[in-house]
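Chemist: Residue-level listing of the chains:
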Amino acid sequence: MLEYASYALVLFSLGMYVVLDGYDLGVGMLGLVAGPERRRQYGEVVATAWDANESWLILVGVVLWAGLPGAYAVVLPGAYLPLIVMLVSIILRGLGLEMQSAAGRYRRGWALLFGGASLATTVCQGLVLGAVLTGPHQRGGAFRGGAFDWFSPYGVLCALGLVVVYLLAGAAWLQDKTEGWSRPGVRRTGRSLLLATVVMALVLGLSLPGADPQQFSLGQPVRAGLFCLAVGVAAVAGAVAWHGFGRRPDWRPFAAVATMTASGLLGLAVLSLPVVVPPGLTVHQAASPHSSQLFLVLGVGLCMPFVLAYNIYAWRSFRGKYSEPAEIPIPPLPTRSRSLPAAPTSTGLLRTSVRRVLLCVLGILATALSQDVFGGVCDLIGPIGVTVLGCTALAAWIVGDRRDGRAGHFDAATGAETAS
Amino acid sequence: MASPDVVDLSRWQFALTAIFHMTFPALTVGLSVLLAVVYTVYVRTGHPLYLQIFRFWKKIFVVGFGLGVVAGTVMTFEFGLNWGTYAHAVGPVIGVTIGMEVITAFFLEAGFIGLMLYGDGRIRPRTMALASWMVAFGTLLSTTWILSANSWMQDPVGYEKVDGQFQAKDWIDILFNPAFAHRFPHMLLAVLISAAWFVGGISAWYLVKKRSAAQPMARRCLSIALGVLGVLMPVQLYVGDGTAVFMGQRQLPKLEAFEGNWKSDNNGYNLLVVPDTDKGENRLRIGIPHLGSVIAQDLSGRTTTPGLLRTPPDERPDMWTTFYGFRAMYGTALLMFGTAFAGVVLRMRRRLYDSPRFLRWMVWMTPAGIIAITGGWIVAETGRQPWVVYGQLRTADAVSHLGAPEVAATLAGFVLLYVTLLAIWARYIVRTVKAGPEALPTGPASPDVPEALVA
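Protein chains in written order, with my numbering: chain Y, 39 to 458; chain G, 848 to 1302.
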């Protein structure tokens, strides 16, 4: 049973990823068709959370690796090229976003890089999904197919579908986060994207039995029931989103879209269980041994509530409409102005050279001490020597810092005086 | 069995992506601790200088952290992409360790980084301080897990092999393996030290250039950096020496390769070698006699260093990379130690902030820590070859079923991308540093300083 718990963890992380990073990828793509000021703002809306959102993808990867190494070892080489392109796009996306955000004003290149890389990431994720659903060629627990096996018409359809889903999530998120859009505008965009999503879902769902090499059967009552429940929830959520676009409360479309995506994923998993990678790799075959499952499920499971708790906390801290962060100048503290002590005058050449030679000898001796060179003579010389060195440095640091602080070396006013 | 080309290309790709990824944590782990400390001091004292320091280093930290995250994502997937057989074999052990890293450390960093970076003015200062500490704690925890996983591959314990798959027998043994006990403190000190050089070097640059607006910050940061270095450098050399001795016992071929000897008759210490791998000898060797024996704790000079000919040819690591990786690390370490020592002496003589030659040298030492860390990892990883899990799984048997052209294409892509990224990152640092920190407010007590002078 433990392997099902691991699989549930994988699905949960995947769901979190698709919902959370889905919206920020969608916002990125929407930025491509927005004006400069809007585009910059979209980046800022995402900047506070993309690190955390993307972490879920990493969790998907490692939980899959640790819990179902069989699936990890087949899927990743099986979709090598799209996955690498996805990783590269993720890098470029992060770069574009951080550089745009750090620049503080609109920079066309970085903003477009962020948008374009968001699109590329989404397309690649769709292709990977297509590669998994059409069943990578496998033998003996490893991938044995060719370099372009991932490419199929169904994969292209998946990519298109995922783009539409993420765009929808992005639009819903923007309604929650910004005031910029007029209500009719939001309604028009949201509803047409929702319509496109429904069409894509129908196309993908109906052509799935043709593309997927495994046999689907809805014969078992539990499976059929769960599947119908998932589809039903998705339909209701879709209706709520349809109604909610362009109306208050602004959070409702996003909640509905998230529910829709999650139940869609659940429906797909229910349909193919116990197979994780078509045509025939089951949860049981792909799972890692019992000791690892136990550690993974306990460790990750126990940490999950904390992770969710502080993610929710961080998310709540930025709740409400996005506003430009106010420039808060550094508040002042009265400074003392004192003159710096004059630098010590230089001493005679002979004394200086003697002192330097002695210091060099001392330095070499200290190096030898910390390399434990005298360990052959007595075991304790090394550790004691290192302790003495470290403590001397610490004492010099503390005493020197206090002295410099009193002398005003760290005060703004005296800093300016020395320059003048 | 995959072709040798795929193995080599995959090794290059992994090495490249790993080195690139490592340059970011090498800075951000230490910087996150610095940021947490200065923000706490600011909250407690209200001194504007500490807010200025926080805001300035935050600018460099945020981009470095973002790039580290995305480059780390690549690493997570590469285990399965290029090393599918390895992933299947060690997944039950390493996969779980890295899974714990992601859930305990990675999420902690990622969850609080948004608060720390964008929380100014939106959340309470105390919460900001807490978020900063959480980010710092997360980066340190992350280092711990990663070192645990890698150390297990260097010296695997606590497992049993079933059908070629490693299965965990004792998790305590696996997580706290003997190699971890040596390598974790070494790496922890290394990341703190490399950030300290970075901070110290840039601060010294402000002092050299006599940028008046940045003087107090530069002095304060230089003082902190050199204080940390003065304390940690001796400890690091001692811990590093212990690590080298330990790895020499567990992985003799690694020691043979990084000391650069073929025959076991040399009591000196090699500074430069030109190895000839086919003939099994050095074409050129420059060294200091007796020093090798002294380092091995025999002051009489009779102890010789074991050579690589003692290892069968199919279990030998490459001497070029291992030797020069070690020399890069150790040479830089000695320079760092000497500089930190000079810093302590200068501070005792009250000349820390006005010794132009020392400050100029400090500027050159800015990347020292990153160079040393890169060199160290090259020793650790190439010295372990031809094994990926030492003594248990050969690298050549670990690779995925891929064609050489696709790996070659992605490798070329990564080279291009990473070179560009490094250039952008370097340019960003240079620009940020040149732009300097935000101006400090001139308090009511010092109205006599004209605005133009400060700017």
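No lab work stands behind these hints, which were simulated from the structure alone. One or more of the hints may lead you astray.
Covered stretches of chain Y (in silico footprint by chain G; criterion: 3 or more residues with CB under 8 Å from a CB of chain G, positions within the stretch not fixed) [unchecked claim]: (1) 120-130; (2) 146-158; (3) 319-330; (4) 333-339; (5) 410-422; (6) 437-445.
For glycine and all other residues, C-beta sits at the position ideal for the given N, C-alpha and C.
Chemist: Starting from the hint list further up, note which numbers the structure goes against and sort them upward.
Modeler: 2
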